Each structure stands twice: as structure tokens, then as C-alpha cells.
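J.: Throw the hints in and build the complete structure from the sequences for me.
Be aware that the sequence shown starts at 1, since it is given in this note's numbering, and climbs by one per residue.
The hints are simulated quantities; they were obtained by calculation from the structure and are not laboratory data. Owing to the predicted nature of the structure, the values given are computational and were not obtained by experimental measurement. Heads up, some of the hints might be wrong.
[To be verified] Label pairs and their computed distance ranges (CB to CB): (1) D184 / N64: 28 to 36 Å; (2) N64 / M90: 19 to 27 Å; (3) K154 / P38: 51 to 59 Å; (4) D107 / S175: 35 to 43 Å.
[Claimed, not checked] Listed next, the in silico SDA-like pairs over lysine to any residue satisfying Cα-Cα at most 25 Å (straight line): (5) K88 / P66; (6) K119 / T68; (7) K118 / K167; (8) K105 / L83; (9) K88 / L111; (10) K167 / E198; (11) K61 / E255; (12) K162 / S203; (13) K76 / I55; (14) K141 / F185; (15) K56 / E255; (16) K141 / L111; (17) K241 / F185; (18) K160 / T147; (19) K160 / T176; (20) K125 / K160; (21) K125 / I102; (22) K119 / T41; (23) K56 / D72; (24) K82 / I102; (25) K160 / F186; (26) K88 / T253; (27) K207 / T253; (28) K82 / N47; (29) K194 / T147; (30) K167 / L83; (31) K56 / I71; (32) K125 / N97; (33) K160 / T139; (34) K241 / K207; (35) K125 / S94.
Cβ coordinates follow ideal geometry from the N, Cα and C atoms, glycine included.
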Amino acid sequence: MKKRYLIITILLLQLFVIRCLELKAETSDDNEKYCPDPAITALIASNPAIVEEKIKIAMSKVLNNPATLTIDITYKDDESTKLGIFEKVMINTSRGNIEGLILDKADVEFLNIQIDTKKLIEKEKLEPVEINDIFMNVTIKEEDLNTFLSEKSKSIKVSKPKIDLRKNVMELSGSTKYGILRADFFASGNLSVKNKQEIWFHSNLIKLNRMAMPRSFVGMLIKKINPVLNLKSFPFKLNLKSINILPGIIEFTSEKSDNGK
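T.: So, in C-alpha cells, the structure goes:
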């Protein structure tokens, strides 16, 4: 149960990063062979503003028409702009929707990035060819998380799922089958970052039908859960920097840096 809750929440955040970047390879041969389309290069040279327009459209599609979306580009020079090379691309959005989960706020910063200009202009798709650093901050509200869980209750086989967020504590409750019986459950714990690429759930208390479970039973569940998320399999190095559970919200900070910081 807890595993489904936590994995759905956190993997959707990582889905945001993946879909946002549309990275399909690391430093692949395709990237090494990348050469900007001359016609697209000429188009950008005649109308540089089209780059920002297309990035905004691409991100609006990814986030399912968010309430707000701003793009701020720091340009290097005219020649770099024509080739889709920028010093920084900053994306700020609110109330974006990823697979039914509302991200109350999401900020993504790309440093020293080259974008595939042909895919951007013709397909309105944001796909970096090369990038040095990525930094992401995401905030999710408790009410939006519960709305999402309510809509997914049948697929995760939990009735009346509910999450309460307090400072450094996540509480999960609901009703599910335990053997042949239907049981009310309650779990309390927190999340932590381990080895920069793993998210671990630490449970302080698990109850079924208001009865505390034996330590061995709790240990068995936690062993199955952890690590909740492992970023090592992702096609780019994105390090989890911090996870903050605050009253009513969860804040995630992630980063990817080629210099290993």
C-alpha cells in the first residue's frame, strides 16, 4: 500500500523531468552526429523570438496547459542562438498537470544547453542535444495529492486513501484488503535521500485496524519498499538534493551536474 502511494507520487515527479527534457540518450552517437538543419537555422536567424515561442508551446503540452508558464532565456550571441545554443533556459510554471497529478509549482533551470532546433520548430518538442546542468524544484500540495489518490483509488485497490502532511512527517491512511478481510490502515514516517540517487521511506508506525504491527512485520514491509526510487537507471545523471515534508506540502529539489557536484 505505502509502496504504491510513494512510488506513484515520486515517479510522477521524475516523469515530469523526463518528459520535460525528452532525453532519449546520454552522450549518444546521435548527439555527436547532430547538425542543425540549415533551413531551420536561417529561420531562427530571421526570427530569434520563435525559439522562446516554441519552447513555451512545447512545455504547455507537457504540463497540460498550466495556469502560468514563463520562459526566460539567457542568450550567448547571435551565432549560438541560430544553432540552438543558450547560456541558460529558465522555466517557471504553476498548476501544471502530469498524469493527473497537479504540480502546484515547478521551476526548471538548464545551464549551457543546446536544443534540437528542428524538433523544436517543426514538432514543438523540447529535446536537448547537449546540456551541462539541470536544477529542478517542485512543490505539491496535500489537497492535490489527495485528489490524485482519490481518482486512482480503484487502480491501487485502496478505498478512501488519504495523506496528511506535517513537518517532517507523512501519514497515510485508508482501507484495503488484508487477507480475506477488509482492514483500515495507518502509517506514519518520513522520506530521506540516500547516496544522492535513492529515496527511502522510514516508517515510525504502522497500524491495521488500530493495532500496532510487530517490528518483524514492519521490517518486512519496509524492506520491500526501499529504495522507493533509484535514479541510477535514468538516461541522465539527476541527483536528489533534498525532500522536505512541510505542513500541507512536499518540496522536491533535484539536480544534474556534469561536474559531479
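J.: Now, for every hint given, state plainly whether the structure supports it.
T.: Each hint tested on the structure:
1. D184 / N64: 28 to 36 Å: For N64 against D184, whose Cβ atoms are near 34 Å apart, the range 28 to 36 Å holds.
2. N64 / M90: 19 to 27 Å: Given about 21 Å between the Cβ atoms, the range holds.
3. K154 / P38: 51 to 59 Å: holds, 52 Å
4. D107 / S175: 35 to 43 Å: holds, 37 Å
5. K88 / P66: holds, 22 Å
6. K119 / T68: This hinted pair holds, its Cα atoms lying about 24 Å apart.
7. K118 / K167: violated, 46 Å
8. K105 / L83: Violated: K105 and L83 sit about 31 Å apart, past 25 Å.
9. K88 / L111: Answer holds: K88 to L111 is near 5 Å, not above 25 Å.
10. K167 / E198: holds, 21 Å
11. K61 / E255: holds, 23 Å
12. K162 / S203: Judged against 25 Å, a Cα distance of about 16 Å means the pair holds.
13. K76 / I55: Roughly 17 Å separates the two Cα atoms, so the pair holds.
14. K141 / F185: holds, 22 Å
15. K56 / E255: holds, 22 Å
16. K141 / L111: Between K141 and L111 the Cα gap is close to 28 Å, so the pair fails against 25 Å, i.e. violated.
17. K241 / F185: Violated - the C-alpha atoms of F185 and K241 are around 31 Å apart, more than 25 Å.
18. K160 / T147: holds, 11 Å
19. K160 / T176: holds, 9 Å
20. K125 / K160: violated, 38 Å
21. K125 / I102: holds, 21 Å
22. K119 / T41: holds, 12 Å
23. K56 / D72: holds, 10 Å
24. K82 / I102: Roughly 35 Å separates the two Cα atoms, so the pair is violated.
25. K160 / F186: With Cα atoms ~12 Å apart, K160 and F186 stay inside 25 Å; holds.
26. K88 / T253: holds, 18 Å
27. K207 / T253: violated, 31 Å
28. K82 / N47: holds, 10 Å
29. K194 / T147: Cα-Cα ~29 Å, so violated.
30. K167 / L83: Outside the cut-off at roughly 46 Å; violated.
31. K56 / I71: OK: K56 and I71 at ~7 Å, within 25 Å.
32. K125 / N97: holds, 17 Å
33. K160 / T139: Given that 25 Å is the threshold and the Cα spacing comes to 23 Å, the pair holds.
34. K241 / K207: violated, 31 Å
35. K125 / S94: Status holds; Cα separation ~20 Å.
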